[in-house]
Every structure is written in C-alpha cells, then in structure tokens.
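K.L.:
Generate the whole structure from the sequences, applying the supplied hints.
Here the protein sequences line up with chains X and U, keeping their order. If you want the numbering used here, it's the position in the first sequence, counting the first as 1, plus 134. If you want the numbering used here, it's the position in the second sequence, counting the first as 1, plus 1031.
Since the hints were derived computationally from the structure, they do not count as laboratory data. Treat the hints loosely; a few may be bogus.
[Stated by the list, open to error] For lysine-lysine, the following BS3-like pairs were computed, each having C-alpha atoms within a straight-line distance of at most 30 Å:
| id | chain 1 | residue 1 | chain 2 | residue 2 |
| --- | --- | --- | --- | --- |
| 1 | X | Lys277 | U | Lys1259 |
| 2 | U | Lys1259 | X | Lys254 |
| 3 | X | Lys414 | X | Lys218 |
| 4 | X | Lys320 | X | Lys357 |
| 5 | X | Lys430 | X | Lys190 |
| 6 | X | Lys357 | X | Lys430 |
| 7 | X | Lys377 | U | Lys1259 |
| 8 | X | Lys413 | U | Lys1364 |
| 9 | X | Lys222 | U | Lys1259 |
| 10 | U | Lys1259 | X | Lys320 |
| 11 | X | Lys378 | X | Lys218 |
| 12 | X | Lys414 | U | Lys1259 |
| 13 | U | Lys1399 | X | Lys190 |
| 14 | X | Lys218 | U | Lys1259 |
[Said to hold, decoys possible] Stretch-level coverage of chain X by chain U, calculated; a stretch enters the list once three of its residues show a Cβ under 8 Å from a Cβ in chain U:
| id | segment |
| --- | --- |
| 15 | 235–242 |
| 16 | 327–333 |
These numbers come from a predicted model, not from an experiment. In this text, a Cβ means the ideal position worked out from N, Cα and C, and glycines have one as well.
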Amino acid sequence: MIVEPLRDLPATATSRQMTTNGTFHRFQGTPGYIATGPLVDAVNCAIALGRPLLLKGEPGTGKTVLARHVAEGLGMPMLEWHIKSTSKAVEGLYVYDTVQRLNDSRFGTGDVADIRHYIKLGPLGRAFAASERLVLLIDEIDKADLEFPNDLLRELDEMRFTIVETGDEIVAKERPILLVTSNNEKELPDAFLRRCVFHYIEFPDVATMRKIVAVHHPHLEAKLLDQVLIKFYWLREQPELRKKPSTSELVDWISALLRSGISQKQLEEHIPFVGALLKKEQDVDALGRYGTQGGKIPARWADLGPRYNQ
Amino acid sequence: MFLDLFYGLRDEGVPVAIQEWQAFLSALAQGLHGADLLRFYHLGRACLVKSETYFDAYDRVFARVFKGVEGQLGDEVTDRLLDWLRNAKDLPELTPEQLAELERLTSDELMRRFLETLGEQSERHDGGNRWVGTGGRSPYGNNGTHPTGIRVGGQSRSRSAVKVAEERRFADYRTDQTLDIRQMRVALRRLRQLTRTGLASELDLDETIDETCRNAGEIELVFRPPRKNDVRLLLLMDVGGTMDPYVEPMSQLLTALHDERGLRAFEPYYFHNCVYESVYTRARMLRADAVPTADLLRRLDERWKVVLVGDAMMNPAELLQPNGNIDPRRHSKTPGIAWLHRIVEHFDRVVWVNPEPTTEWDFVQTAKIIRRLFPMFPLTVDGITEAVQALIGARV
Chain X
135 MIVEPLRDLP ATATSRQMTT NGTFHRFQGT PGYIATGPLV DAVNCAIALG
185 RPLLLKGEPG TGKTVLARHV AEGLGMPMLE WHIKSTSKAV EGLYVYDTVQ
235 RLNDSRFGTG DVADIRHYIK LGPLGRAFAA SERLVLLIDE IDKADLEFPN
285 DLLRELDEMR FTIVETGDEI VAKERPILLV TSNNEKELPD AFLRRCVFHY
335 IEFPDVATMR KIVAVHHPHL EAKLLDQVLI KFYWLREQPE LRKKPSTSEL
385 VDWISALLRS GISQKQLEEH IPFVGALLKK EQDVDALGRY GTQGGKIPAR
435 WADLGPRYNQ
Chain U
1032 MFLDLFYGLR DEGVPVAIQE WQAFLSALAQ GLHGADLLRF YHLGRACLVK
1082 SETYFDAYDR VFARVFKGVE GQLGDEVTDR LLDWLRNAKD LPELTPEQLA
1132 ELERLTSDEL MRRFLETLGE QSERHDGGNR WVGTGGRSPY GNNGTHPTGI
1182 RVGGQSRSRS AVKVAEERRF ADYRTDQTLD IRQMRVALRR LRQLTRTGLA
1232 SELDLDETID ETCRNAGEIE LVFRPPRKND VRLLLLMDVG GTMDPYVEPM
1282 SQLLTALHDE RGLRAFEPYY FHNCVYESVY TRARMLRADA VPTADLLRRL
1332 DERWKVVLVG DAMMNPAELL QPNGNIDPRR HSKTPGIAWL HRIVEHFDRV
1382 VWVNPEPTTE WDFVQTAKII RRLFPMFPLT VDGITEAVQA LIGARV
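P.N.:
Here is the structure:
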C-alpha cells in the first residue's frame, strides 16, 4: 500500500460528505494505482464539493485509469463515456432512435405507439437514473466540439434533465462522482471550468516511478530497473524528441525486455526495442544519428545531470 | 490578507470568480486541507486554478501572500492550529444568509487566527526552524530541486508550501512566454471554418422524414455531406542567417501544422530574408527546389490563408532595392517589397509571425516597413492564437 491514509480529518463529517446510509465516502487510493497526496486530495475535494474533477496531464500519466481505481477504491460501479469528435452532449443523456422507429412503423414490428421504446439513455442519463451512487468517467472531453461542455452545464448543475420527446424528467437520486479527462487538444469553456475542481497530473519523478513499475513488474531486479530508468529519463531529457516516452510506454518496454530475457549488461550500452519507447520515425532516426556520431548512452545516474543526483 | 490570494490571482490575470472562491471556502470549511499548509496550497490550486498555464501565476501569488506567514516555522502543524481548523467545519451549519454575510469576515478571520497560531507556535518551538531549515537534506527527500518533485503522502510534511510555490515548476507552462508544441496545436485548432462539402455520407434526419412523408410512408433516406474544415493554408518561412536561432521553434510550428490534418490543404515554402521571384519547397533552398512565386499566386486563389514567418530583419536594400536578394546568384529585378505587396493584395487574409520579441520590432527599420503591410504577431502561444483569430475571425 503506497498511498498513505489521509491524516488529520475532522472527527465528524458534515452532512454533504455523508451518503444516505451514513458511511463516509473518501477515496484513499488502491494498491494498483500510485496516487500522489495532492491527487488524492483533489479527488476527495471534488467528492466533497459535488463538483466534477477535471484531470489533465501528459498522455500516459494515468488519467483514465484513475477513474477505475476511484470506483474500485470506493466500491462503486462505474460508467464510462468515451468522447469522440462527433459526440454530442445530448447523446450522453439519451438517444431517440428515430430511424429504428421509422423502420418499425414500415414493417409493423415493435411497439411503435410507445415512443419510450425508442429512447435509450446515454452514460450520463444512466448515471442519473441509477439507484446507487456511481463513478462516471467522461474521457477525453476535449475531443468533442468546442461547445460540448457548455451543453452539459445545466444538467451537471441541477443533476436532472427532461426527455423532450416524452416529457419525462430524470432526476439523479445520488450525485454521481464525475471524473473528466482532457488531453488539452482544445481549450475548455470558462463556464465549464468554473464548475470543476482541477488537477494536473505531473510526470512522476524517479522515486514515484519505481513504485509504479513495482506495481506492474513486482519481481524486476533492482539493478536492471536502475538501467531501465536511467535510459528512460535520459530519453525524456533529449530536447530533439518530438514525442517523449510516457509511463505506459515504459511499462510496455519493461515487459518486452523481460520477455526477451535481456541482461543488465546488455542494457548498459544499448536501448533495445526502442520502438516500444519512441513512436515517431524522426525520433528513432535522431537516436540512430546520435549513436553513429559516437554519442554515449548513459549507464549511471551520475551521467544524467544534477536533478537526478541528490 | 486571505483575500489577497484571491485578488492577487485576479491581478495576475487568472480567471478566478466568486463561484470558485466559494467552492474553496466550502472545501476549507469541510477540513479538506487537513491543517497542513502544503495541502492548503494544493487544495487552493485545485479549486481556484483551472489550467496548468496559470499554475505559475498561482505559485507567484501564493509565495507573495504567504511568505511572511510561513517563514518562521514552515508548515509544521501545531495542536492549536489543528484544533482551530477542526472548528472550521462548523461553518456550513450556519444558515445560507449568515454564511453569505460572514463570508468576507470569515476569510479574514481565518487568516488572522491562522497567523496568531503560527506566531505563538514559533515562540514555543524554536527547534522547528532548524527542522525546516535542514528539511532539504532530511531523509524524507523533499528537497528544493527534486526532478519533478511529486511527493507521496506523508513525506510532504517536511516541505514548506511556500518553497513549493517558490520553486515555480510550472513556469514552462505559461502561454505568454513559451512555445510548447502541444499548446501550439491547441491554438492552431481554432483555425477552422466548417462547411458541408464532399461526399454525402451523413444522414439528414429532417429531410429523411419530410421525404418519407411525401413518399406516403415509404422510407426515403436523404444524405448530406458532413461538416469539414475548409481552411487552406499557405506557410512561408524565413530560414538561414538571422533566423538560425529560431530553427527549433520553427520546426515545432511546422510539426504542429503538419499534424493539423484537419486543414483542407496545407503548403509550406521557404525563403531567405524576403520573398522574391522564387520560394523553395525545402529549407536547403537549392535551385531544384525553387517554385516561382508568380506561379504560386496564380495557382492559389484568394481564399488561401497565408502565414509568413520571419524576423523581418534585413538590410533595407534587400527589401527596397531591385536586385536586393542577398544571394548574388539569384538576381531579382523586382524589389522584395513589391513581392510582399503582391502577396498582400492577392490573398484575403495574410499574417506575419515574428519570432523576435515584440520589444525589438520598433528598432528594426525593415520590420517597421513590413508591419505597415502585414498584421504582425509574436511567435508565442498567445501570438499564434491572435494570428489565427486574424485569419478566420471577423474583420476589425
């Protein structure tokens, strides 16, 4: 267990933090996810305030995975809504399948008279209609149109919406815990941002990274891990790289190394399976050039500069 | 003094409104900061600041506002402070009216008592200073220059929140000074004009229903083309000579543009110092790469958006005289300024992006002349955003 339990909590919880059955819902992390103190605090702040938590950060820092672990840590079910460039806000609430109804009316199948048969709740609609509190992940909200988040403001504020076609109103019994991730491809509207709690997941430092790797590869030799991390952080320091390798790529790379049974000695001077770390042709070329020009790939932390040697 | 944080942020241009401030107070009232100044720092950031580009501003303001407070003893938590902060949870039980009335008072009161407690604390525990002073070398490992400095849980105690703020690790995320390829891409994403052209592949529901009705219930599906970006972009880049220091930011700009596959068409060309008879398809600018500028003007219609990138810094003769090209092998009877004129007149929307700092523009004669022709923007994320606005926004 890496995430430390929260300290210094007030002895009694205020009404807002209590759920109906009186238990105290507070995220403390899970063994499978290394959450830093500020991140745990941000999650709990969002839960306590009943506001969406907006997560940003470099790709591969675990924004999406966090939601699954929040759900797991709190023992709640989870819904995911993956946003695409064509997603519309109303689809998250419900979809009225007109074409199906039109088709049914033509062939006389289905109960065309009842429009409710053709209304399907979206992820947000299902989260509102659910009888228990759950975690809803809205993944990569920045992929959708610029106005997308604004279209959800009222629903998120009031936790209710009306199905226009039937006049039914769906009111959330329990405010779902909303986690929103953004890859920063578009700016989000101010009105939406004002309602969020924001956390920026920084790139993990070496100590945190060791813990993260330990979760995925618990039996990795310490010396081999050192070599792996030296190469990884050295690569990230290279200004020529167009796409820096991320945590998930590091984990994949270690899997590849372990499976090939590479020794620590071999790793000292080379970076095998570089394709697992570098995804752009120019980056692989740049590394190749560096090698042919006699550039040295460091094998000790001392070669990495003062930031890594304290 | 507590409100200094709020107004300090607003003065720094961080868009923080009363709504966020209330959320922050409510979070404090619920004790989410756990009586720890560092967690208070993170809580404030989570509630008040909504973009990592403002983290640096937050750090500066936080360091300024809380410097004196913390200086004496760090964020070591005292029993008294803890007691008091526990009491803060009573606040939400007040009626909403009381809460609203007390809001200003509450925050000042909060700060006053905070200070008081801290003051008393430093008198009684002189050891605290030393403990914090040597914190950097303590086994907790939270020293000031840690690589990226994420602390895990309890280790944060040995670290001062103001020191965290003073480190200003987020200075690189500021948009007014730095040029990050990701942010650049965000700025360029605005370069879009959606129109319906091309293959009809999207179901037009309204039309389908109308047609079906007209067809007496026989289903008639109607399709329409999806909305697509209609922006065509011509990029002309200055390379070599005085532009050499900018090769890196330029290649970032180019990469960002290449990745913008959303554009309908995109053509980059290179020139040296000023555009003459020819522009070049590659940065090495060999004769084989040359494309006559006149051809370009013939082929591309006025709807193309044009971005020129260059420092606009050259000998005035290169711009104004015939045969001004600095490369003697390439004679050009028409002065550069005439070519620039033709570009401005041919295309509807043209901008010049200048990587030199804006303060230098007035000291360069040629830059002053070119500014009269082109709207000029600095090569920063904010500058690019404005340039994009000038290319597609309403005319002013």
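K.L.:
Against this structure, judge whether each hint is valid.
P.N.:
Each hint, compared with the structure:
Distance hint between X/Lys277 and U/Lys1259 is fulfilled; the C-alpha atoms sit about 15 Å from each other, no more than 30 Å. For the proposed pair U/Lys1259 and X/Lys254, the alpha carbon gap of about 28 Å is at most 30 Å, so the pair holds. Note on X/Lys414 and X/Lys218: the hinted pairing holds, with a Cα-Cα distance of about 24 Å set against a maximum of 30 Å. The hinted pair formed by X/Lys320 and X/Lys357 fails the criterion: a straight-line CA distance of about 42 Å is larger than 30 Å.
Between the alpha carbons of X/Lys430 and X/Lys190 the distance comes to roughly 35 Å, so the proposed pair goes past 30 Å and is violated. This hinted pair checks out: X/Lys357 and X/Lys430 have alpha carbons roughly 20 Å apart, not beyond 30 Å. Simply put, X/Lys377 and U/Lys1259 have alpha-carbon atoms about 28 Å apart, close enough for the 30 Å limit, and the pair holds. Under the criterion of a C-alpha separation no larger than 30 Å, the hint pairing X/Lys413 with U/Lys1364 is inconsistent with the structure, at around 47 Å.
As the CA atoms of X/Lys222 and U/Lys1259 are separated by approximately 16 Å, the hinted pair is consistent with the 30 Å bound. Between U/Lys1259 and X/Lys320 the CA atoms are separated by roughly 17 Å; this keeps the pair inside 30 Å, and the hint holds. Of the supplied pair hints, the one linking X/Lys378 and X/Lys218 holds, its CA atoms being roughly 24 Å apart against a limit of 30 Å. With a CA separation close to 27 Å, the supplied pair X/Lys414 and U/Lys1259 stays within the 30 Å bound.
For the hint pairing U/Lys1399 with X/Lys190, the CA-to-CA distance comes to about 41 Å; that exceeds 30 Å, so the pair is violated. The suggested pairing of X/Lys218 with U/Lys1259 holds, with an alpha-carbon distance near 15 Å, which does not exceed 30 Å. For the segment 235–242 of chain X, the stated coverage by chain U holds: 4 residues have a C-beta nearer than 8 Å to a C-beta of that chain, and at least 3 were required. Only residues whose beta carbon comes within less than 8 Å of a beta carbon in chain U count, and the segment 327–333 of chain X has 7; three or more means the coverage holds.
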